Every structure is written in structure tokens, then in C-alpha cells.
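A.B. asks: Given next are the chains, with one letter for each unit.
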Amino acid sequence: MASPSQVVTASQGEVFDIELEIDILKENRRIAEENRKRLDAKKIMAIDVMGSVGSGKTSLLKVMTRKLKGTYRICVIEGDVTTTIDSDLIASEGVPAIQVNTGKECHLDANLIKKALDRMPLDNLNLIFIENVGNLICPAEFPLGSEKRLVVISVTEGPYMVLKHPMMFFDADVVAVNKIDLAEAMEVDPQKLIADIAHINPKTVAVATSCKTNVGIGEVIEAIGLNPP
Amino acid sequence: MHEFTVTSWIVDALLDLVRKQSASRIVEVELRIGKLRALSMDQLKFCYEVLSKGTVLEGSTLVFEESPGKARCKNCGYNSEFDPDGDEYHYGLPILACPACNSTVVVEGGDECVITKVRMEIPSSPERTVRG
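Read top to bottom, the protein sequences are chains A and B.
Everything in the first sequence is counted per our numbering, starting at 3 for the first residue and increasing by one.
Everything in the second sequence is counted per our numbering, starting at 605 for the first residue and increasing by one.
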């Protein structure tokens with residue numbers, strides 16, 4: 003009598019190892035590239051603005067847009083956790099601003115910018131500033147699709163802030179060392195901060211600025227590659 | 605803080621994989637995280653615990669492999685791995701100045717966040733082939 007043919011069955015719940023390569027940050031990069039292409043097609047320059055809470059990002063944008071609004075058709079994306087305080091401040095300069103509130107997140111991501119771009123009259127613009135949530139760590143991790151990156155720091159953050167947050171300066175094209183009108187009271191030397199920045203990233207251009215006295219604003223505009231009026 | 609966002613992307617990618625492979629449970633997940641990526645592994649683990657609750661991922665463990673930073677100088681050809689946490693690299697600081705010629709180095713590695721291996725339970729059939 004022939005023996006019954008053998009049937010091989012795998013046991014229930016077998017465990018498999020699957021080797022793969024899933025890049026978790028790829029999707030954000032992909033959307034950022036899409037944003038960039040969309041902006042390029044419309045010949046719009048987008049500039050990231052990042053830095054700590056209270057470093058003067060919005061104040062700097064206020065004085066910069068005041069100087070540039072005659073030359074450029076500008077819109078500002080204001081990223082915050084909550085409130086429309088910043089977009090209201092920019093709007094008071096007669097420049098359109100869109101508030102993007104992250105709710106609980108500490109940074110903007112490419113998808114939020116994509117949504118903001120959907121709501122913007124891109125045909126009527128040639129310059130967009132994207133002010134990120136005040137934070138020195140997280141925003142550096144998530145590209146948004148901009149062409150240039152402006153980091154704003156201030157003397158009120160103390161003499162060692164650059165050395166303590168080197169990563170923020172890796173991709174910075176321009177750094178504004180802000181509030182130099184307070185440097186003496188703070189006993190912080192802006193030139194030391196500028197030297198620290200040059201040490202971390204020799205390619206970046208650092209400029210001492212004050213939004214109160216208008217020092218350095220024109221230099222920042224030029225360093226970004228914009229044409230001052 | 606952004607670990608929460610990144611972990612939610614990891615969880616999404618794993619749940620997608622679970623659907624594709626018809627897996628019943630995830631046992632272990634290996635990740636390669638670059639040392640230049642500002643991601644805290646403790647926080648990733650904590651967020652993963654929270655976000656995996658109530659899914660087939662619950663109870664699985666995260667295993668990390670850290671990849672070093674890599675810098676190359678286009679000017680003088682300096683090419684080296686570096687550890688931004690260690691003392692031996694550039695005064696202990698991750699900086700972009702080339703230690704050999706002081707021009708700017710290009711970072712060529714150490715910024716990744718990749719799922720490299722997933723151990724999963726699959727209710728099996730003999731014909732089944734498993735592909736990543």
C-alpha cells in the first residue's frame with residue numbers, strides 16, 4: 003500500500019524577518035521637493051526663517067518686508083503653535099500673511115506648507131517668507147521646499163547659544179545676530195557669536211542686526227540674494 | 605518633541621507593511637538612525653509604546669542601529685566619519701569646517717532614519733513567499 007503523499011504545512015503564526023529600507027523622512031522630502039518645483043514654476047523665491055522663541059523673527063520680517071514690499075510681491079507664512087498675533091503684525095505692514103497653526107507640533111512640515119500654498123495667490127507673488135515655529139532643534143529636521151534659509155538669533159539668548167545649537171547652522175545660508183542694541187546690557191559680544199557661526203559653518207553669512215535701529219537689515223536682504231530697493 | 609511626528613510616520617509605514625504582508629503581529633523593528641539626526645531613542649521608544657497601543661504593533665520592540673556622521677571636503681579630499689557626541693571630533697562639536705584645510709565639508713551620512721528589518725508573525729500557507 004502506497005504511503006499517503008506528504009503534505010508540508012507551516013505552523014501557525016510563523017515568524018519572518020523581512021529586510022527592507024523604508025526611509026521614514028522620504029515622504030516629507032518628497033512633498034518639500036514638490037513645493038519647491040511648484041514655487042520654481044511660478045518663479046517665486048521662498049525663504050525659511052527659523053530661530054528661538056523671541057529671537058525677533060517676526061520683527062525682522064516686519065522691517066524687511068517694509069523695505070521690500072515696493073520691489074517684491076510678498077506673502078508671509080507664519081508658523082506658530084497657536085494665535086494669529088504674528089500674521090496680524092505682518093498684515094499691519096500691508097503685506098498678506100497666512101497663519102499656520104500646528105496645534106501641538108513644534109515645527110512646520112512640508113505638507114502644512116503645501117496646504118498653505120494651496121490658499122495663496124501664487125500667480126501674484128514672487129517672494130514668500132516662511133517663519134517657522136520658534137524652536138532651535140525640530141525645524142532643522144523637516145525641509146519645507148524653500149530655496150534659502152535665514153536663521154535669527156539674538157544677543158539676549160546669551161553668549162553660548164551658537165555653540166550649544168550647532169545643528170541649526172548647518173543649513174543656514176544667512177544668520178541674523180539680532181538685538182545688538184541690547185548687546186551691552188546683556189554683556190554679550192555679537193562679534194563672538196558671529197565668529198562661532200563662522201567656525202561651525204564657514205559658508206554661512208552672519209550679520210549683526212537691530213530691528214529697533216535698523217542696523218544690518220539691508221545686509222541681510224543682500225546676503226539672502228534679494229535686491230534691496 | 606518631533607519624535608512624536610517621526611514615530612507616527614514609523615507606525616504608519618509599519619501598518620502599511622502589515623497590510624501588504626497580511627501579518628498578524630509585529631515582534632521587532634530595527635531602525636537605522638543617523639547620529640546627526642536630532643532624534644532621541646528613548647523618546648522614540650516612548651512614543652512608539654503610546655502610538656502602537658491597540659494595534660498589531662503593540663508589544664513589539666524597537667532596536668536601533670546608529671550610523672555615524674560622514675564628512676567629506678571637496679577642497680582637500682578630507683574624508684572621515686565623526687561622532688558628534690564624542691570628544692575626538694572637531695573639538696567635540698559637529699561643525700562644518702574641515703579639520704584639515706578649514707574650508708567647508710559636505711555631510712554625506714548620519715542623517716538617516718530608516719526601517720531596516722521587521723520581524724513579523726504571518727499566518728502562513730506553504731506557497732507563501734515573503735518579500736520585503
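Keep in mind that the hints were calculated from the coordinates and are not lab data.
For clarity, every value in this text was computed on a predicted model and none was experimentally measured.
Among the hints, erroneous ones may be present.
As the list claims (entries may be wrong) - Straight-line distance between alpha carbons at most 27 Å, and here's what the computed DSSO-like set of lysine-lysine pairs gives:
no.: 1; chain 1: A; residue 1: Lys28; chain 2: A; residue 2: Lys45
no.: 2; chain 1: A; residue 1: Lys205; chain 2: B; residue 2: Lys674
no.: 3; chain 1: A; residue 1: Lys69; chain 2: A; residue 2: Lys166
no.: 4; chain 1: A; residue 1: Lys194; chain 2: A; residue 2: Lys214
no.: 5; chain 1: A; residue 1: Lys45; chain 2: A; residue 2: Lys106
no.: 6; chain 1: A; residue 1: Lys44; chain 2: A; residue 2: Lys64
no.: 7; chain 1: A; residue 1: Lys28; chain 2: A; residue 2: Lys64
no.: 8; chain 1: A; residue 1: Lys44; chain 2: A; residue 2: Lys106
no.: 9; chain 1: B; residue 1: Lys721; chain 2: A; residue 2: Lys150
no.: 10; chain 1: A; residue 1: Lys64; chain 2: A; residue 2: Lys150
no.: 11; chain 1: A; residue 1: Lys106; chain 2: B; residue 2: Lys721
no.: 12; chain 1: B; residue 1: Lys649; chain 2: A; residue 2: Lys106
no.: 13; chain 1: A; residue 1: Lys106; chain 2: A; residue 2: Lys71
no.: 14; chain 1: B; residue 1: Lys624; chain 2: A; residue 2: Lys71
no.: 15; chain 1: A; residue 1: Lys44; chain 2: A; residue 2: Lys194
no.: 16; chain 1: B; residue 1: Lys657; chain 2: A; residue 2: Lys166
no.: 17; chain 1: A; residue 1: Lys106; chain 2: A; residue 2: Lys69
no.: 18; chain 1: A; residue 1: Lys116; chain 2: A; residue 2: Lys166
no.: 19; chain 1: B; residue 1: Lys721; chain 2: A; residue 2: Lys28
no.: 20; chain 1: B; residue 1: Lys624; chain 2: A; residue 2: Lys150
no.: 21; chain 1: B; residue 1: Lys657; chain 2: A; residue 2: Lys205
no.: 22; chain 1: A; residue 1: Lys117; chain 2: A; residue 2: Lys106
no.: 23; chain 1: B; residue 1: Lys721; chain 2: B; residue 2: Lys674
no.: 24; chain 1: B; residue 1: Lys649; chain 2: A; residue 2: Lys150
no.: 25; chain 1: A; residue 1: Lys64; chain 2: B; residue 2: Lys657
no.: 26; chain 1: B; residue 1: Lys649; chain 2: A; residue 2: Lys166
no.: 27; chain 1: B; residue 1: Lys657; chain 2: A; residue 2: Lys71
A.B. asks: Each hint should be assessed against the structure and marked as holding or not.
C.D. replies: Here's how the hints hold up against the structure:
A hinted pair counts as satisfied when its Cα atoms are at most 27 Å apart, and Lys28 (chain A) with Lys45 (chain A) qualifies at roughly 25 Å. Straight-line distance between C-alpha atoms of Lys205 (chain A) and Lys674 (chain B) comes to about 18 Å, which keeps the hinted pair within the 27 Å bound. Taking the CA atoms of Lys69 (chain A) and Lys166 (chain A), the gap is near 33 Å; set against the 27 Å cutoff, the hint is violated. Annotation: proposed proximity of Lys194 (chain A) to Lys214 (chain A) holds, straight-line Cα distance about 21 Å (limit 27 Å).
A distance of roughly 33 Å separates the Cα atoms of Lys45 (chain A) and Lys106 (chain A); the hinted pair therefore is violated under the 27 Å criterion. As the CA atoms of Lys44 (chain A) and Lys64 (chain A) are separated by approximately 24 Å, the hinted pair is consistent with the 27 Å bound. Restraint check for Lys28 (chain A) and Lys64 (chain A): the C-alpha separation of about 34 Å exceeds 27 Å, so the hint is violated. For the hint pairing Lys44 (chain A) with Lys106 (chain A), the CA-to-CA distance comes to about 32 Å; that exceeds 27 Å, so the pair is violated.
Among the hinted pairs, Lys721 (chain B) with Lys150 (chain A) is inconsistent with the structure: their alpha-carbon atoms are about 36 Å apart, more than 27 Å. Straight-line distance between C-alpha atoms of Lys64 (chain A) and Lys150 (chain A) comes to about 18 Å, which keeps the hinted pair within the 27 Å bound. Distance hint between Lys106 (chain A) and Lys721 (chain B) is unfulfilled; the C-alpha atoms sit about 31 Å from each other, more than 27 Å. The straight-line distance between the Cα atoms of Lys649 (chain B) and Lys106 (chain A) is roughly 19 Å, inside the 27 Å bound, and the hint therefore holds.
With a C-alpha separation of about 32 Å, the suggested pairing of Lys106 (chain A) with Lys71 (chain A) is violated against the 27 Å cut-off. With a CA separation close to 52 Å, the supplied pair Lys624 (chain B) and Lys71 (chain A) exceeds the 27 Å bound. The hinted pair formed by Lys44 (chain A) and Lys194 (chain A) fails the criterion: a straight-line CA distance of about 40 Å is larger than 27 Å. With a CA separation close to 36 Å, the supplied pair Lys657 (chain B) and Lys166 (chain A) exceeds the 27 Å bound.
Of the supplied pair hints, the one linking Lys106 (chain A) and Lys69 (chain A) is violated, its CA atoms being roughly 34 Å apart against a limit of 27 Å. Between the alpha carbons of Lys116 (chain A) and Lys166 (chain A) the distance comes to roughly 32 Å, so the proposed pair goes past 27 Å and is violated. The straight-line distance between the Cα atoms of Lys721 (chain B) and Lys28 (chain A) is roughly 17 Å, inside the 27 Å bound, and the hint therefore holds. Among the hinted pairs, Lys624 (chain B) with Lys150 (chain A) is inconsistent with the structure: their alpha-carbon atoms are about 39 Å apart, more than 27 Å.
Proximity of Lys657 (chain B) to Lys205 (chain A) is assessed by CA-CA distance (about 46 Å); at most 27 Å being required, the pair is judged violated. In summary, the hint linking Lys117 (chain A) to Lys106 (chain A) is supported, as the alpha carbons are separated by about 17 Å, within the 27 Å threshold. Between Lys721 (chain B) and Lys674 (chain B), the direct Cα distance comes to roughly 23 Å. Compliance with the 27 Å bound is thereby established for this hinted pair. Using a Cα cut-off of 27 Å, the hinted pair Lys649 (chain B) and Lys150 (chain A) is violated, with the two alpha carbons roughly 34 Å apart.
As the CA atoms of Lys64 (chain A) and Lys657 (chain B) are separated by approximately 45 Å, the hinted pair breaks the 27 Å bound. Of the supplied pair hints, the one linking Lys649 (chain B) and Lys166 (chain A) holds, its CA atoms being roughly 25 Å apart against a limit of 27 Å. For the hint pairing Lys657 (chain B) with Lys71 (chain A), the CA-to-CA distance comes to about 51 Å; that exceeds 27 Å, so the pair is violated.
Consistency with the previously given hints fails for numbers 3, 5, 7, 8, 9, 11, 13, 14, 15, 16, 17, 18, 20, 21, 24, 25, 27, ordered from lowest to highest.
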